[in-house]
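Engineer: Could you build the full structure based on these sequences and the hints that come with them?
Here the protein sequences come in this chain order: A and B.
Be aware that the first sequence starts at 1, since it is given in the working numbering, and climbs by one per residue.
Be aware that the second sequence starts at 1, since it is given in the working numbering, and climbs by one per residue.
Please note: incorrect hints may appear among the correct ones.
List time: in silico DSSO-like cross-link candidates among lysine-lysine, alpha-carbon distance up to 30 Å [to be verified]:
| no. | chain 1 | residue 1 | chain 2 | residue 2 |
| --- | --- | --- | --- | --- |
| 1 | B | Lys371 | A | Lys122 |
| 2 | B | Lys54 | B | Lys200 |
| 3 | A | Lys122 | A | Lys312 |
| 4 | A | Lys177 | A | Lys60 |
| 5 | A | Lys330 | B | Lys54 |
| 6 | B | Lys215 | B | Lys118 |
| 7 | B | Lys102 | A | Lys21 |
| 8 | A | Lys429 | A | Lys346 |
| 9 | A | Lys398 | B | Lys54 |
| 10 | B | Lys200 | A | Lys331 |
| 11 | A | Lys21 | B | Lys200 |
| 12 | B | Lys220 | B | Lys209 |
| 13 | A | Lys122 | B | Lys293 |
| 14 | A | Lys300 | A | Lys359 |
| 15 | A | Lys331 | B | Lys54 |
| 16 | B | Lys269 | A | Lys122 |
| 17 | B | Lys167 | B | Lys388 |
| 18 | B | Lys371 | B | Lys160 |
| 19 | A | Lys221 | A | Lys279 |
| 20 | B | Lys54 | A | Lys21 |
| 21 | A | Lys222 | A | Lys279 |
| 22 | A | Lys331 | B | Lys236 |
| 23 | B | Lys293 | B | Lys386 |
| 24 | A | Lys312 | A | Lys222 |
| 25 | B | Lys118 | B | Lys234 |
| 26 | B | Lys364 | A | Lys46 |
Label-pair ranges, simulated between beta-carbon atoms [claimed, not checked]:
| no. | chain 1 | residue 1 | chain 2 | residue 2 | range |
| --- | --- | --- | --- | --- | --- |
| 27 | B | Ser329 | A | Pro219 | 32 to 40 Å |
| 28 | B | His62 | A | Glu436 | 40 to 48 Å |
| 29 | B | Lys371 | A | Asp390 | 51 to 59 Å |
| 30 | A | Pro421 | B | His62 | 30 to 38 Å |
| 31 | A | Pro348 | B | Asp7 | 36 to 44 Å |
| 32 | A | Pro259 | B | Ser258 | 52 to 60 Å |
With the C-beta cut set under 7 Å, the calculated list includes, among others, these residues of chain B facing chain A [claimed, not checked]:
| no. | residue |
| --- | --- |
| 33 | Gly16 |
| 34 | Phe20 |
| 35 | Tyr24 |
| 36 | Ile66 |
| 37 | Pro81 |
Please keep in mind that the hints were generated in silico from the structure rather than gathered at the bench.
A virtual CB, placed ideally from N, CA and C, is assigned to each residue, including glycine.
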Amino acid sequence: MQSIYKSLTKIVDEEFVSNQKEELYIYSQDPGMMEPHEPDFVVMPKTTEEVQEIVKLANKEKIPIVPVGGSLSLSGLVIPHQGGIVVDLRRMDQVLEVNEESRYIVFEAGLTTGKLKAYLEKYHPLLRFSIPDAPPSATVVGNIVIHGQGRLTQQYGFNSDMVTGMEVVLPTGEVCKIGSGSVSPYWFSLAPLPDLAGLFLGWFGTTGIITKMGLKLYPKKKLRDIEVFAVEDPNLVPDVIQRVTHTEMSEDIFTGAQPYPPVFKDIIMIGILLTGDSKEELEFKRNMIWDALQCHIDSKEGGFMMMTPDVKQDLLEMPTSSTTRFADVKKGGGFEYCGPIIPVEKFPEAFTRLLEITKKYGITFGNAGRVIGRSHSMMFSFGYPFNRADPENIERTKNALHDTNVASLDIGGVPWKPEVPAQKMIMEKMDKSTLELMQRIKKVLDPNGIMNPGNWEVE
Amino acid sequence: MMYDYADQIHRCFKCGYCKFSNNYTDFNCPSYNRFRFESYSTGGRLWLIWAWSKGEIEWSEHLANIVFSCAACRNCVEQCPMRFNEDIVDWIIGARSDMVEKGLIPASVGEFLDNIHKYGNPWGMPRNERDIWAEGINRYTIDDDNEYLFYVGCVGSYEKQGQQMAKSVADFLRTTGVSFGILGSDEDCDGNEVLFTGEKGLFRELADKNIEKFKELNVKKIITLSPHAYNSMKNKYGGLGEIKVYHYTQVFSEIINSNNIELSDLNIKVTYHDPCFLGRYNSIYEPPREIIKGIPGVELIEMERTRENSFCCGGGSGNFVFDLLGRSSNSPSRIRVREAYETGAELLIVSCPSCYCMLEEAIKTEGLEEKLMIKDISELVIESIKNK
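Structural biologist: This is the structure in structure tokens:
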């Protein structure tokens with residue numbers, strides 16, 4: 001092991017290589033509930049060439065290698081289940097290009113969502129990207145490789161649908177460009193080439209390490225506002241979503257429900273965000289949405305909520321810190337969630353299952369959902385705060401998480417960014433030929449099985 | 001381990017907000033900037049302390065370095081979105097206290113505390129050299145009718161930059177007719193850094209000794225040179241009774257405004273570095289700026305990270321002496337002077353002797369001596385008065 005350490009320090013400045021207990025401990029876990037497992041080394045490369053040399057070393061020595069961004073999936077996707085080398089990409093955080101005319105950006109894999117937001121606000125104030133609800137220390141690439149969603153997801157799909165190109169270090173050490181950047185200096189599009197990006201999106205680093213990415217940027221409007229429509233009957237939610245998405249007037253549509261404080265009990269809130277370059281544009285959109293939902297107001301089944309300015313500000317915030325604060329609602333420092341991607345019409349069933357599970361385990365919950373595309377699907381999160389210092393509470397929440405994964409698949413959904421046990425459930429249910437195709441692709445790309453082992457793995 | 005906050009520290013989610021400035025333009029945690037491993041972020045540090053308190057990890061020199069490398073700048077308190085944010089620094093100091101009690105501290109921290117205990121200053125300098133800079137400045141005595149006790153502090157007494165500051169503050173007070181005196185070789189360490197390194201017993205001893213001395217001398221008002229001393233006396237001592245404590249910038253601002261002090265045109269572009277113990281700890285942002293802006297010809301260009309969002313020089317919590325964040329181009333002081341230089345200012349203005357030492361050294365290391373000067377506010381004011 002000492003020789004591996006020495007080899008790593010020849011590749012990366014010794015200051016950024018560690019095999020000390022403290023770093024190994026920190027990188028053995030994420031803020032979720034998955035069992036920790038320590039790596040043998042943590043290394044923070046600065047360049048693609050350094051990543052390449054680390055991968056070559058790991059491949060030669062057949063040592064597991066785990067690429068890490070913000071380590072915030074909560075589902076333990078970067079826990080080094082078999083030890084090895086954690087490659088923490090956070091020093092690679094430069095913006096390399098912004099093309100204002102073709103509205104794309106190229107950046108390094110360690111760039112955080114927080115820094116990208118600040119960068120665009122400062123240098124390209126008319127452009128934006130789809131900011132997820134994760135804390136600002138989440139990396140943009142990390143969010144995309146797990147098919148994350150963000151503020152523009154209702155308009156443009158999963159954040160991974162916005163990729164225009166990437167640079168990847170393959171498990172055997174070759175550096176590969178994907179998309180127009182492979183034949184042109186411009187990283188504007190994956191099409192019209194064969195879509196090789198899919199070999200690396202949703203694979204959780206088991207097929208290669210993305211070192212650079214191209215991403216679509218979108219017009220940033222001057223004004224943003226929010227309306228919140230509240231209903232008590234979960235069966236109405238798909239219709240509300242259908243009506244609002246039909247107007248094509250909203251920036252983002254999310255759902256939220258929680259039993260506390262009591263004023264929110266039995267209410268499902270549907271947040272509808274609006275943007276515009278003028279007050280007139282904003283009012284026009286607002287009127288369109290109000291008109292679309294007038295029938296539910298007339299029937300007294302739903303209505304728009306009054307909001308205090310601070311509540312409004314909270315809901316408009318990007319990234320939204322209230323999502324993070326959910327970890328402290330029980331003063332326990334943790335929350336875990338399963339956020340399956342489901343057909344929109346399955347919302348009522350998902351909601352019913354959520355209530356059943358929380359009742360069964362005597363735990364509280366927070367539900368957050370987000371419409372993906374023009375009602376093409378939605379993320380429905382079963383979120384459970386837990387007390388990190390209470391093993392019994394953790395155990396109950398783990399069981400609830402297990403039941404939630406089962407429920408997600410039962411209702412026809414697919415768990416999003418699934419932890420290893422949920423990956424296994426998905427693979428058990430998966431079409432056998434599809435599963436075999438996945439395994440064949442993995443084997444071809446990673447013949448020695450070094451990349452983030454344990455994930456998407458058939459025993 | 002009997003960690004005082006064992007029932008609270010697990011509440012940190014390690015979300016990482018604490019690393020940032022408030023608009024996310026950059027990482028704003030000094031130790032995270034310096035080392036970049038998650039273990040050196042506030043969240044990582046808290047998780048390690050919790051792991052140590054539970055016996056999941058053993059103490060090590062490396063763990064102690066991680067715990068003591070926090071400059072206690074309070075950026076994490078500003079940025080943390082949780083309701084426990086105000087407690088974070090205490091959670092870290094609590095771990096330090098435990099390490100101090102068990103003698104499990106980095107050698108340099110041990111030497112720092114030892115020197116303060118034996119000599120009343122962190123370098124082990126002779127007490128009788130404490131007022132070597134103060135030729136012609138009166139001692140504060142009970143018999144004189146002095147308005148202020150000018151508390152100079154350790155950095156002001158022994159470090160070149162601090163002595164310059166102390167001289168110019170004294171010069172200003174004399175010039176404007178304010179009566180004051182110093183304690184000279186009778187002065188003791190204020191104890192702020194002792195408290196923040198977790199040596200609560202020694203802090204109490206120093207605080208009590210100082211309070212006793214102030215009361216014996218019938219002190220009514222204290223001017224501190226250092227924001228660190230201001231913080232400890234104002235917020236941590238307790239028992240000062242009616243004695244009022246001011247940082248010198250507050251007194252300057254008041255005197256300049258009320259006495260219409262005439263200042264000459266300096267024709268210079270400057271930027272100002274908010275010290276953590278004046279800014280984030282005590283919300284004193286305006287008086288220094290009022291003084292700077294009141295000098296004719298001085299154009300203040302703010303750095304990107306300023307006020308509550310200021311980036312610490314890395315000298316807090318005793319690091320201006322034991323410097324666990326030094327020896328790198330990623331050292332906070334070097335990052336900060338590069339940021340100051342990027343504003344286009346010719347002069348970096350400080351109001352804390354520790355920041356002065358840290359940043360002047362960084363200017364030299366960065367090779368910016370010809371491009372960026374550094375001065376304390378008091379020096380700038382004196383220069384302006386003397387040019388008149």
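Engineer: Of the numbered hints stated previously, which ones are contradicted by the structure, given in increasing order?
Structural biologist: Result: no hint breaks.
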